[in-house]
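Participant: In case you want the letters, here they are:
Number of protein chains: 2
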Amino acid sequence: MTQDTFPSKLLENAVTEFAKLPGIGKKTALRLVLHLLKQEKEEVHRFSSSITRLRDEIRHCKICRNISDTEVCNICSNNSRDHATICVVENIRDVMSIENTQQYHGVFHVLGGIISPMDGIGPADLEVDSLIKRVIEGDVKEIILALSTTMEGDSTNFYIFKKLKDSGVKVSMLARGVSIGDELEYIDEVTLGRSLINRQLFEQSLGQ
Amino acid sequence: MTQDTFPSKLLENAVTEFAKLPGIGKKTALRLVLHLLKQEKEEVHRFSSSITRLRDEIRHCKICRNISDTEVCNICSNNSRDHATICVVENIRDVMSIENTQQYHGVFHVLGGIISPMDGIGPADLEVDSLIKRVIEGDVKEIILALSTTMEGDSTNFYIFKKLKDSGVKVSMLARGVSIGDELEYIDEVTLGRSLINRQLFEQSLGQ
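These protein sequences, in sequence, are chains U and V.
In this text, residue positions in the first sequence follow UniProt numbering: the first is 1, and each later residue adds one.
In this text, residue positions in the second sequence follow UniProt numbering: the first is 1, and each later residue adds one.
Keep in mind the hints are simulated off the structure, nothing from the lab.
Fair warning: there could be bad hints in the mix.
Same chains, same label: a pair holds when it works inside one copy or across any pair of copies.
When the alpha-carbon atoms are kept at most 27 Å apart in a straight line, the in silico DSSO-like pairs for lysine-lysine are as follows [as the list claims (entries may be wrong)]: (1) Lys133 to Lys38; (2) Lys41 to Lys133; (3) Lys41 to Lys141; (4) Lys163 to Lys26; (5) Lys62 to Lys9.
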């Protein structure tokens, strides 16, 4: 699509802005923009102010670094949760995924990424120091590492483990094994091998 | 995804607004919103103001009803174009598609839809009267109907044709036939039948 086919500079600007979003090409951007153009003005204003307000007013919880509307997030300020267990995740989406399982009642710590020398991200770029500080200063019993099962995730796990191993805090990580619903023939060898080594007692699996 | 898993009302609002866009589900909306959250404030403001400005400031060309930043659009105000030939299209996107072919040098008329009794859209809801007026009052030689090849498109074509048949203006429509690149075995029978009836001289096709 060449530039000069746009009948309007305003339209072109809006399409260009939309096309900057991940996974949105020029054609989709045009479709979305023309959809918005057909909506009532108030509707469109509500759309754009929801974005600017989010960007301008959002805060990060001073305890766990999750995004929050308040200084301390809902989870950290919830007294019925187990504040002695901290689940370490990469980003906000992971917090939401774990919350959706409804299996976790502890609190979180959002690193804001994982150690990735290829992308120039080291421990100093992440919320690792604040995690260590939180563990040392607080009454923490267990750290659950819930990072991606990639090389970068593993390096980050190991880095945090090393930093905490003398603190007396239990460091655990998510169970690795066969996904629920997986057919055996499609599972990669590493996962299958690991899940053989870490096999569980059948009675134990019934209890979960 | 249940409501209470959102760590922030602001985030939830933005995701809800994004998820109203066609083809954008809750998961994609979240991904887009978190992407915007990572951008600079100015970048996000540029994004949202491009949308609101478009909605607030856009106009429709008083001649062809295409969207435009000015009272008369670029195409209608371009003297090097053939103002005696009007191509009738359903919407703005069709204008852009035809402009992209670089094969058309006349002007346009944007109906804003097609006649569709199922959706309660009649001729009065479309820019049909303004088209007839334009043809009768102006120095128009040919009307090219470039609507969808659906039943609704055909009804609209026929409606316009009937209105114009006594005006002395030539009414043509887009050629219907086999698409360039189509394999014969996959073409539907109606298209194939029509393209047999309307077969062209081979020498003629070379000239195109």
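Participant: Against each hint, give a clear statement of whether it holds in the structure.
Facilitator: Against the structure, the hints come out as follows:
1. Lys133 to Lys38: Classified as between: cross-chain Cα gap 25 Å, same-chain 52 Å, threshold 27 Å.
2. Lys41 to Lys133: Neither. Shortest intra-copy (49 Å) and inter-copy (30 Å) distances fail the 27 Å Cα cut-off.
3. Lys41 to Lys141: Answer is neither; intra-copy 53 Å and inter-copy 39 Å both fail.
4. Lys163 to Lys26: This pair counts as neither: shortest intra-copy Cα distance 47 Å, inter-copy 38 Å.
5. Lys62 to Lys9: between (43 Å within a copy, 17 Å between copies)
In the structure shown, a violation is registered for the earlier hints numbered 2, 3, 4, in ascending order.
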